[in-house]
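Asks: One letter stands for each residue in the lines below.
Protein chains: 2
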Amino acid sequence: MMEHVLCAKCIDCGKEWEARPDITTCPSCGGLLDIKYDYAAIRKAVDHKVMAGRSEQSMWRYMEYLPVLGKGSRPKLRVGWSPFYKADRLAKTLGLKTLYVKDDGVNPTASLKDRASAMAVVKAEEAGAEIIACSSTGNAASSLAGNAAAAGYPTYIFVPSRAPKGKVSQLMIFGAHVISVKSTYEDTFRLSEEAIRKFGWYNRNAAINPFLMEGKKTVALEIAEQLGWKMTDYVALSVGDGCTIAGVWKGFRDLYETGMIDRLPRLISVQAEGCCPLNRAIAENKPWEPMEENTLADSIAVGVPRNADKALNAIRESNGVVVNVSDQEILDAAKLLGRTCGVFGEPAGVTGTAGVKKALELSLIPEEASVVSIVTGNGLKDTPNAIRAAGEPIAIDPDMEQLLQIMDRL
Amino acid sequence: MMEHVLCAKCIDCGKEWEARPDITTCPSCGGLLDIKYDYAAIRKAVDHKVMAGRSEQSMWRYMEYLPVLGKGSRPKLRVGWSPFYKADRLAKTLGLKTLYVKDDGVNPTASLKDRASAMAVVKAEEAGAEIIACSSTGNAASSLAGNAAAAGYPTYIFVPSRAPKGKVSQLMIFGAHVISVKSTYEDTFRLSEEAIRKFGWYNRNAAINPFLMEGKKTVALEIAEQLGWKMTDYVALSVGDGCTIAGVWKGFRDLYETGMIDRLPRLISVQAEGCCPLNRAIAENKPWEPMEENTLADSIAVGVPRNADKALNAIRESNGVVVNVSDQEILDAAKLLGRTCGVFGEPAGVTGTAGVKKALELSLIPEEASVVSIVTGNGLKDTPNAIRAAGEPIAIDPDMEQLLQIMDRL
Numbered sequence: 001m002m003e004h005v006l007c008a009k010c011i012d013c014g015k016e017w018e019a020r021p022d023i024t025t026c027p028s029c030g031g032l033l034d035i036k037y038d039y040a041a042i043r044k045a046v047d048h049k050v051m052a053g054r055s056e057q058s059m060w061r062y063m064e065y066l067p068v069l070g071k072g073s074r075p076k077l078r079v080g081w082s083p084f085y086k087a088d089r090l091a092k093t094l095g096l097k098t099l100y101v102k103d104d105g106v107n108p109t110a111s112l113k114d115r116a117s118a119m120a121v122v123k124a125e126e127a128g129a130e131i132i133a134c135s136s137t138g139n140a141a142s143s144l145a146g147n148a149a150a151a152g153y154p155t156y157i158f159v160p161s162r163a164p165k166g167k168v169s170q171l172m173i174f175g176a177h178v179i180s181v182k183s184t185y186e187d188t189f190r191l192s193e194e195a196i197r198k199f200g201w202y203n204r205n206a207a208i209n210p211f212l213m214e215g216k217k218t219v220a221l222e223i224a225e226q227l228g229w230k231m232t233d234y235v236a237l238s239v240g241d242g243c244t245i246a247g248v249w250k251g252f253r254d255l256y257e258t259g260m261i262d263r264l265p266r267l268i269s270v271q272a273e274g275c276c277p278l279n280r281a282i283a284e285n286k287p288w289e290p291m292e293e294n295t296l297a298d299s300i301a302v303g304v305p306r307n308a309d310k311a312l313n314a315i316r317e318s319n320g321v322v323v324n325v326s327d328q329e330i331l332d333a334a335k336l337l338g339r340t341c342g343v344f345g346e347p348a349g350v351t352g353t354a355g356v357k358k359a360l361e362l363s364l365i366p367e368e369a370s371v372v373s374i375v376t377g378n379g380l381k382d383t384p385n386a387i388r389a390a391g392e393p394i395a396i397d398p399d400m401e402q403l404l405q406i407m408d409r410l
Numbered sequence: 001m002m003e004h005v006l007c008a009k010c011i012d013c014g015k016e017w018e019a020r021p022d023i024t025t026c027p028s029c030g031g032l033l034d035i036k037y038d039y040a041a042i043r044k045a046v047d048h049k050v051m052a053g054r055s056e057q058s059m060w061r062y063m064e065y066l067p068v069l070g071k072g073s074r075p076k077l078r079v080g081w082s083p084f085y086k087a088d089r090l091a092k093t094l095g096l097k098t099l100y101v102k103d104d105g106v107n108p109t110a111s112l113k114d115r116a117s118a119m120a121v122v123k124a125e126e127a128g129a130e131i132i133a134c135s136s137t138g139n140a141a142s143s144l145a146g147n148a149a150a151a152g153y154p155t156y157i158f159v160p161s162r163a164p165k166g167k168v169s170q171l172m173i174f175g176a177h178v179i180s181v182k183s184t185y186e187d188t189f190r191l192s193e194e195a196i197r198k199f200g201w202y203n204r205n206a207a208i209n210p211f212l213m214e215g216k217k218t219v220a221l222e223i224a225e226q227l228g229w230k231m232t233d234y235v236a237l238s239v240g241d242g243c244t245i246a247g248v249w250k251g252f253r254d255l256y257e258t259g260m261i262d263r264l265p266r267l268i269s270v271q272a273e274g275c276c277p278l279n280r281a282i283a284e285n286k287p288w289e290p291m292e293e294n295t296l297a298d299s300i301a302v303g304v305p306r307n308a309d310k311a312l313n314a315i316r317e318s319n320g321v322v323v324n325v326s327d328q329e330i331l332d333a334a335k336l337l338g339r340t341c342g343v344f345g346e347p348a349g350v351t352g353t354a355g356v357k358k359a360l361e362l363s364l365i366p367e368e369a370s371v372v373s374i375v376t377g378n379g380l381k382d383t384p385n386a387i388r389a390a391g392e393p394i395a396i397d398p399d400m401e402q403l404l405q406i407m408d409r410l
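Going line by line, the protein sequences match chains W and F. At position 289 of the first sequence the residue is numbered 289 (this note's numbering), and the sequence of numbers has no breaks. At position 86 of the second sequence the residue is numbered 86 (this note's numbering), and the sequence of numbers has no breaks.
To be clear, the hints were calculated from the coordinates, so they are not data collected in a lab. Every residue gets a Cβ at the ideal spot worked out from N, C-alpha and C, and that includes glycine. There could be a bad hint or two in this list.
Restricting the straight-line Cα-Cα distance to at most 20 Å, the calculated cross-link-like pairs of lysine to any residue (SDA-like) are [claimed, not checked]:
#: 1; chain 1: F; residue 1: Lys198; chain 2: W; residue 2: Met400
#: 2; chain 1: W; residue 1: Lys97; chain 2: F; residue 2: Gly152
#: 3; chain 1: F; residue 1: Lys165; chain 2: W; residue 2: Ala195
#: 4; chain 1: W; residue 1: Lys76; chain 2: F; residue 2: Pro83
#: 5; chain 1: F; residue 1: Lys198; chain 2: W; residue 2: Ile396
#: 6; chain 1: W; residue 1: Lys71; chain 2: F; residue 2: Arg89
#: 7; chain 1: W; residue 1: Lys182; chain 2: F; residue 2: Ile394
#: 8; chain 1: W; residue 1: Lys198; chain 2: F; residue 2: Lys335
#: 9; chain 1: F; residue 1: Lys335; chain 2: W; residue 2: Lys71
#: 10; chain 1: F; residue 1: Lys335; chain 2: W; residue 2: Ile387
#: 11; chain 1: F; residue 1: Lys86; chain 2: W; residue 2: Pro75
#: 12; chain 1: W; residue 1: Lys86; chain 2: F; residue 2: Arg74
#: 13; chain 1: F; residue 1: Lys9; chain 2: F; residue 2: Lys36
#: 14; chain 1: W; residue 1: Lys86; chain 2: F; residue 2: Gly152
#: 15; chain 1: F; residue 1: Lys198; chain 2: W; residue 2: Glu401
#: 16; chain 1: W; residue 1: Lys86; chain 2: F; residue 2: Asp397
#: 17; chain 1: W; residue 1: Lys165; chain 2: F; residue 2: Ile394
#: 18; chain 1: F; residue 1: Lys92; chain 2: W; residue 2: Lys165
#: 19; chain 1: W; residue 1: Lys49; chain 2: W; residue 2: Leu227
#: 20; chain 1: F; residue 1: Lys165; chain 2: W; residue 2: Ile396
#: 21; chain 1: F; residue 1: Lys335; chain 2: W; residue 2: His177
#: 22; chain 1: F; residue 1: Lys182; chain 2: W; residue 2: Met400
Heads up, incomplete: computed chain W residues facing chain F, CB under 10 Å, no partners named [as the list claims (entries may be wrong)]:
#: 23; residue: His48
#: 24; residue: Phe84
#: 25; residue: Glu392
#: 26; residue: Leu403
Between the sequences and the hints, there should be enough to build the whole structure, so can you do that?
Replies: In structure tokens:
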């Protein structure tokens, strides 16, 4: 509710601006903006009992914490309130006391990015926009395409040509104007920013538009509520551009500041070994530097993270743990989650879980810890890598003899 | 709740049997069994107010209508309570007064079949089973694999080798023992039945196991509740094996008999032109005969429908409409749903919507009608056909000049 929003504050120069729906970066220094709330007002409006009595089961359940006038007048997809599982068998396999899995692949376009895109569509309406645009490694793109299609907005979407077929097929089905850029994500992003300026489209680039992180933070609000407001010691997730981990941290901070949770979790920031500029900066305690984009986990193959500052703040403020995993560890985590939880994540989606395993192996977190692992995207978005992880089935003729031979082998 | 279950009654010979959790077909004549309820007892237990006060948002919301002792002791995926959208833009495009879309692709393994598989896992536990098996064109398989993995059951799953990669990748990730049969679905089904008998596995073949239809019927219970218990004139869905349409009808019948809805919708049974044995039987008013499996909508490419009798009963009892659509009409419907609703369905998933369009064109239903169209599976399960429907994106270098040229063309 906009009456709870104080301003949009630059994280670099500290200047405060009116949180207009089309504001992007700091008009003064170009730094990233952060939406600030009147926590006392939110505190007055909600408590555990109010939340328990609420029937809305979507991200809009948390209106008091969201920077919107309302839900907008246009049709919308049902985003959020994704499943939350206690993963005892997986915990046992990993040698961890308590583990929960938040499956954000069960969203309308099958990723956590729906939370940001749903927000973008509502803010675009508030801004009186006619067209929405973004660049993305895939999920932000497909979620924008789907959420905008539901609301009747045309979209222009820039993806690097390496984006997996599954995500591209979503864009095309949702009727987006898709520009596939034969280069890196960085080049793709730059071209989209230039085009957005030139054509005056509404900007859904997650780092640039400060409202999108506010959509993403709803995953943290849900986790806390699904835990009965008793936070775990850690929350693990994969990190690419940095917006999601920054949003998750913002969510927990908002809840803490308004008295809804009484302690903050430590974040486990998991990146791919082949592309870990943020984790490297934390580990070496120096400014981040660009890296190559060398991992099969396409959604987090971000060599130049656009939301680096907020992400680094989040990890540091939470006294976070950083851990990098190999592509093979990512594929193994996909199988592990599938077999023990029935949850199918895309490579970047299961990277958080791969990181929990690795953090235990490296004794970065204790076995007695309680952890939430966020699965950020559905495995159906990238079936070639799923088959790479889990193999092909046994093919036989419709013949009982052949079957018996196979049963002997199994 | 089992206290509401009277018996399992043969739809052929009429004999009544105790509804044991491992009962399959009629022990006397081999006919299909139907679970019968004490409607007076259900009526006493629920009404609109009771339902409105319920917080459970999954298929288990409707325990009074389900043939189970409870939800079982094992972990489970969150199945059901899928999104329900008023589809005004699509209605307008089709020239229809009122249209709703029920998106059952937003389920843990991304299809309506999760409802049956979740039921299978609970009944397997009641039966004391150790292994669960089925044959499937894909979705029943992947949903069984996922729901069983969550509960810790090993599975043996038989699929025809034509099953799309997306579905096969799910099976492999979920750790199922997958037998890919190089032949038709009919041969695949037969081999699975032989193996299930030989090895004593719990049978999740949907026609054979009478409980699974009871899981599927929850989609109808949800639709009715999401409509505020005011039924539409029609409910449209794709038809393959016949279990889903029979389950949907059972759900509406249960609600009608227990006073929860005051009228029954007419079913619109949609099949592919290349494989429509059930619709042909209705249209020509004669017994069904096998057909070839000639459609890209793999989930409904069923030449020998295993639940033909219940499906035909459902269509006839509802004074239903039958309509067949071409593969091209299916692909067009995928685009239409994506562009106007932000809903991405697999080919069989959007076939119901293709049927609504065709039924209007053929004046089989009036423009003033109100219709619910059920999307039965997620488009991410079959991305090659999505790309076939919607095309490939425009590829350019990261260069503003090239982009401007493209903008001119668009």
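Asks: State for each hint whether it applies.
Replies: Hint-by-hint comparison with the structure:
{"no.": "1", "hint": "F/Lys198 x W/Met400", "result": "holds, 10 Å"}
{"no.": "2", "hint": "W/Lys97 x F/Gly152", "result": "holds, 19 Å"}
{"no.": "3", "hint": "F/Lys165 x W/Ala195", "result": "violated, 36 Å"}
{"no.": "4", "hint": "W/Lys76 x F/Pro83", "result": "holds, 11 Å"}
{"no.": "5", "hint": "F/Lys198 x W/Ile396", "result": "holds, 18 Å"}
{"no.": "6", "hint": "W/Lys71 x F/Arg89", "result": "holds, 19 Å"}
{"no.": "7", "hint": "W/Lys182 x F/Ile394", "result": "holds, 10 Å"}
{"no.": "8", "hint": "W/Lys198 x F/Lys335", "result": "violated, 29 Å"}
{"no.": "9", "hint": "F/Lys335 x W/Lys71", "result": "violated, 26 Å"}
{"no.": "10", "hint": "F/Lys335 x W/Ile387", "result": "violated, 27 Å"}
{"no.": "11", "hint": "F/Lys86 x W/Pro75", "result": "holds, 8 Å"}
{"no.": "12", "hint": "W/Lys86 x F/Arg74", "result": "holds, 11 Å"}
{"no.": "13", "hint": "F/Lys9 x F/Lys36", "result": "holds, 7 Å"}
{"no.": "14", "hint": "W/Lys86 x F/Gly152", "result": "holds, 14 Å"}
{"no.": "15", "hint": "F/Lys198 x W/Glu401", "result": "holds, 12 Å"}
{"no.": "16", "hint": "W/Lys86 x F/Asp397", "result": "violated, 46 Å"}
{"no.": "17", "hint": "W/Lys165 x F/Ile394", "result": "holds, 14 Å"}
{"no.": "18", "hint": "F/Lys92 x W/Lys165", "result": "violated, 31 Å"}
{"no.": "19", "hint": "W/Lys49 x W/Leu227", "result": "holds, 15 Å"}
{"no.": "20", "hint": "F/Lys165 x W/Ile396", "result": "holds, 17 Å"}
{"no.": "21", "hint": "F/Lys335 x W/His177", "result": "holds, 14 Å"}
{"no.": "22", "hint": "F/Lys182 x W/Met400", "result": "holds, 13 Å"}
{"no.": "23", "hint": "His48", "result": "violated, 15 Å"}
{"no.": "24", "hint": "Phe84", "result": "holds, 8 Å"}
{"no.": "25", "hint": "Glu392", "result": "holds, 7 Å"}
{"no.": "26", "hint": "Leu403", "result": "holds, 6 Å"}
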